[in-house]
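Chemist: Here the protein sequences line up with chains A and B, keeping their order.
Going by the working numbering, 5 is the number at position 5 of the first sequence; the sequence numbering is gapless.
Every position in the second sequence, counted from 1, becomes a number in the working numbering once 119 is added.
It should be emphasised that the hints constitute simulated quantities derived from the structure, not laboratory data.
Please note: incorrect hints may appear among the correct ones.
[What the hints assert, rightly or not] Partial list, computed: chain A residues near chain B (C-beta under 8 Å):
no., residue
1, H13
2, S15
3, F16
4, G102
5, K106
6, S110
7, A113
[As the list claims (entries may be wrong)] Ranges between beta-carbon positions, derived for each pair:
no., chain 1, residue 1, chain 2, residue 2, range
8, A, S40, B, P1197, 49 to 57 Å
9, A, D90, B, S884, 43 to 51 Å
10, A, D90, B, E1064, 21 to 29 Å
11, B, R990, A, D90, 42 to 50 Å
12, B, D955, A, D90, 44 to 52 Å
13, A, D90, B, E993, 38 to 46 Å
14, B, T1124, A, D90, 31 to 39 Å
The beta-carbon is built from N, C-alpha and C at its ideal position, and this holds for glycine as well.
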Amino acid sequence: MANVTRVLIVDDHPSFRASARAMLEADGFEVVGEADDGASALAEVARLDPDVVLLDVHLPDATGFDVSKRLGASGARPSIVLVSTRDATDYDDLIRQSHARGFISKADLSGEAVRELLE
Amino acid sequence: MSRLTLAFGLALLTLETALAVWIAATSEQVGVDSFGIAIPAGVVFVISGLVALLRRPENRTGLYLAAVGYIWLLGALVDSGDSWLFTLGLVVGGLVWVPFGALVLGYPTGRLETRLERGLPIAAGLLVTGTTLIEVLFDRTPEPDRCETCPESALFVADQPELVAAARTLAAVGSLVLIVVVIAILTRRWQQATPALRRLLSPVLGAASTTLAAAGLFVIADQVSGRAAEDLLVLFYLVFTTVPLAFLFGILRTRLARSSVAEVVMALESGVPLRDALATALGDPTVELAFQLESRDGIEGTGWVDPQGRSVPAPVETPGRAVRFVDRNSARVAALTCDASLLHEPELVDGVMAAAGLAISNERLQAELRAEIRLADMLTGTSPALLTTVDTQGRLLTANPSAVAASGYDDASDVLGRFFWEVFIADDEREEMVARFAAAAPDFPPAEYENAFTNARGEDRVIYWRSAPVLDEDGAVVRLVAGGVDITERKRREEEARAGAERLRAVIESAPVAIIEVDNAQLVQGWNPAAERIFGWKALDVIGSRTPLIPPEREDEFREIIDEGIGGGARTGFETKRMRSDGTLVDVELSTAPIRSADGTVVGQMAILSDITERNRLEEEKERERVFLNAIANTAPSILCLVDDRGIVQDLATNLAFERTLGYETDETGGHVFWERYVAPDHAAEVRDIVERVVAGEAVPEHDHRWTTRGGKELLIAWTCTPLPRIDERRLFLISGVDVTERMEREVEVGRQRDLLRAITEAASSFLVTVDPNGVVVPQNNNRAFLTTFGWAEEEIVGRSFLGLIGREDDYIARMAIANAANGIPQPERESVWLDRDGGEHTVAWTARHVLDPGGRSLTLVSGTDVTVRRRQEEELRASRARILEAEDQARRRLERNLHDGAQQRLVALSIALRLAESKLGGGDPGSAATVLASAREELMQALEELRELARGIHPAVLTDRGLEPALEALAARTPIPVELDVDAGSLPQQVEAAIYYVVAESLTNVAKYAQATSASVTVERANRTVVVEVSDDGIGDADPEAGTGLRGLADRVAALDGVLLVESTEGQGTTVRAEIPLLHQEAQASRFLPNEAGTLVDS
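Next comes chain A alone, as it looks inside the complex (with noise of 0.2 Å):
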């Protein structure tokens, strides 16, 4: 595959950031960045433009709808995927009505499960 997906992730659990980066990378994707609130998200999306941001909903300063909502706002090229310890359940709405490509519960994140998502 010539071109490798190039991923952002935000979470403020650093321990999730560094199995997050273990798994995509044993996946195949590259893991450019990592941001651990909705501000520096916002700014390193603006610096690395990344394919995919891999987005905690649950962020210190804002939830993963409003970064979503913002990134969605300013034309933002990469797709997001929302990812949270809960179910998706608890979010079906938001998510629906949200920019992001989709939600991935954390416990079940796996590159098959983002490259699904942005088939």
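Could you slot chain B onto chain A? The hints should help.
Modeler: Just chain B now, kept in the frame of chain A:
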């Protein structure tokens, strides 16, 4: 006195006299007085006595006189030269005073009447003889004064001059006393004596008194000087000698009476009235003379008259008055009543009476004549007939009182001398009378006529006269006697009788009752109009025939009545039946009376019959009414009785209720004063007062008084007394009462309940206010709790509108509540703001309900409870709960975040790591898979540790597992600075231990975070059922309990257990957190105040 006695007396006198003369002749010291005076005195006494005895043997005066003489002569022995005779003379001589005293005191009767009179002579004898005996015993020469040569005492024993002197002095004094007493008696006797007696007494008492006086003088002189006495002795002898002469004169004065007789004869001859002559002759001015006339008609009484012919009582003897009767030819003719003392001079009286005998007979005849004239005068004077005499000219010579009275003049002198016809004949008849008188002259034969005239006083008189001539010796008419009888009254009665008969006729004619006269033959003689009316028969039809009224079946009864009448009997009010002309019967009341002829025989019957049909009907009606009223009275529940105006219950005038209530029988209630028998004693006076006021006409309202039953039980009776209409002039009063004993008891009970209710009302902590239907507060039922809480005095609040006390917002609700309650609609409890007097607000939970006051007035009772404090507490509780919930929410959020941020993240990472390792192993890279697994295990350990920490935060497991103290030790161990722990609380309820744990945990966390302390201490101790927890540090202090949620949460947790949390934190002095939690009813309190969520919190 017998001759023998007289001879003996004379012999004794001779002997004694001879002895005395011999002694006097032979004696050396005898003076002239013995011969000349003393011996003759003795002889005179004896002779006087013998003469007196001869003349008046029954009178002892003679005996006493003789005794004095004999003893006196014996006294001459003192002149003897012989010692023995001298002594005997001395002793015996003194005894002379015994008969002398008796003589003086006994005169003139010779009797000693009183004990004093008998005692005085004996006393004199004892005194003189006793003194003499002492002298002869104790004085050698007892009579030295009288004779220097006197012999010595023959009885001399010893010389005792003092004793003798004393005896003499005593004798002198005693003698004087006796003399004075005797003179006093004589004087008194003189004063009391009648004049006749005085005449008899004067010489004797004079002589005796003089003798005694002389004796007294002698005794006094003897005490002063013997010589003077010697001179007086002669005087004494002289006076003494006069005594027997005086007595003799007194005794024998009848000898001198003959002169009185001559005096009488002469006086009578000189025309002195008989009585006066007798009085003078007898020396008794009180003499009265009475004559006895022969028994004769018209001279009333005893037949005794005085010399003037006036009737006097028969003469009788009275004390002090004697009667001497004069008899002639064995018939008593006169009586002389005179002073009783004259009986001592019978010769005088006899003589005088004999001399006056003829005069007495004459006087008696005159007296008799006077008595007859007096009788005639009296007859004329008292005769009811008119008696006059006129001279032949027709002039009135005499007119008796009746004639004067009839003439109309006041006095006989007004008519005497006038012509008879001027006085007694009417003007129009006078000339005829004068003519008739002239025609009758000169013989004036007896005549009689009746005349009517009007007398001087204007009274009409009718007189029936008779006249007769009085002839002189020659048969010539000297005057006429005209006697008349005043027949005015008889004439008047005749007129009245005629008028009476007329009236009776009118009465019979007009009487409403039938009056029928029937003769003995049962034939009708009279039949008045009422009889015609009642029975239908006309008088003309029945007079002269047998009465047609008798029903056949009553013939016997009628016969009986007629027979009774013939026998003089009468009937009154006899009820029977009579027959009318139409044959019907009529009820009548029949009264009959016999009609008598002039000689008193019964000639017929008068019958009065009244128709009583109507009366019977009325009586039946009255009887029915009476029975009806009785029935009412006896069935009435009221106690009734009738009393009269003195309060006496009438016989059979009490009703059944009275008798049953008071326990008496019908026939024993009457005759008693109502208030004395039927009223309790302490109420009797009031009841009496009320009855008497009613009797006096006052209307007295009902009163309650205690009455008493026969058994003594007292009942409370409400009663009145009212006057009844008069019946038969009797005033009766109805006492009507009702037994209210039970009612009163009930009232007392209700009163007690009311008092209890009032006390409860007063004591109740609720507010009680009573308002009328307009919401205005009424008095008496507003309790203390209400008044004090709202600051009102009862008198201020009464009359105000209750609605004014209600906050403005609740005004409408309150108004509706009171109105609805007044209409009986139950009201729910509601809360309103009530305003107190100063405008302060109180939240009151209140309700209103309808009540009736004792007077039946509809009121509304408002009752309320002040819930201001309760509301505030509830508010606080609500806030506290909210804070607890808030704290819990935070705790959950924190827990959720901790789980999310901690263990959950680690588990997510672990899950990713395991998937990574799985793919490594599948990708044939076991080396890196092992590295991933190793980090995964590290991650898992971290997750477990975090979960454990989390669990401890939810509830300290150590507290549950090991108890409070180890849990606190664990907390202390985790604290970075040294913590001193002192726990001494024993076993505590779970929630209390939990609270203590969290207080310590939070406090120690704060110490570690903020205090910058070097050490801290924790104490837990139990005191007075309260557990106290204190956490102190030595840090910077200045903590703000309000700042964080931590301390606030603790405060709520402690408050939930009714405890308090205090934080004391001064800058630079460390901080102390202190919690005090009571241990009372913690279980109950916890379940009441702690929400369930808190329970799950502590349980998990």
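Chemist: Now tell me if each hint is right for this structure.
Modeler: Okay, the hints, checked on the actual structure:
1. H13: 5 Å, holds
2. S15: Constraint on A:S15 satisfied, holds at 4 Å.
3. F16: OK, holds: A:F16 within 8 Å of chain B, min 6 Å.
4. G102: 18 Å, violated
5. K106: 4 Å, holds
6. S110: 6 Å, holds
7. A113: Nearest chain B Cβ about 10 Å off; hint violated.
8. A:S40 / B:P1197: 49 to 57 Å: 55 Å, holds
9. A:D90 / B:S884: 43 to 51 Å: 58 Å, violated
10. A:D90 / B:E1064: 21 to 29 Å: Once the Cβ atoms are compared, 27 Å apart, the range 21 to 29 Å for B:E1064 and A:D90 holds.
11. B:R990 / A:D90: 42 to 50 Å: 44 Å, holds
12. B:D955 / A:D90: 44 to 52 Å: Violated, at about 59 Å.
13. A:D90 / B:E993: 38 to 46 Å: Roughly 39 Å apart at Cβ, these two residues keep to the hinted range, so it holds.
14. B:T1124 / A:D90: 31 to 39 Å: 33 Å, holds
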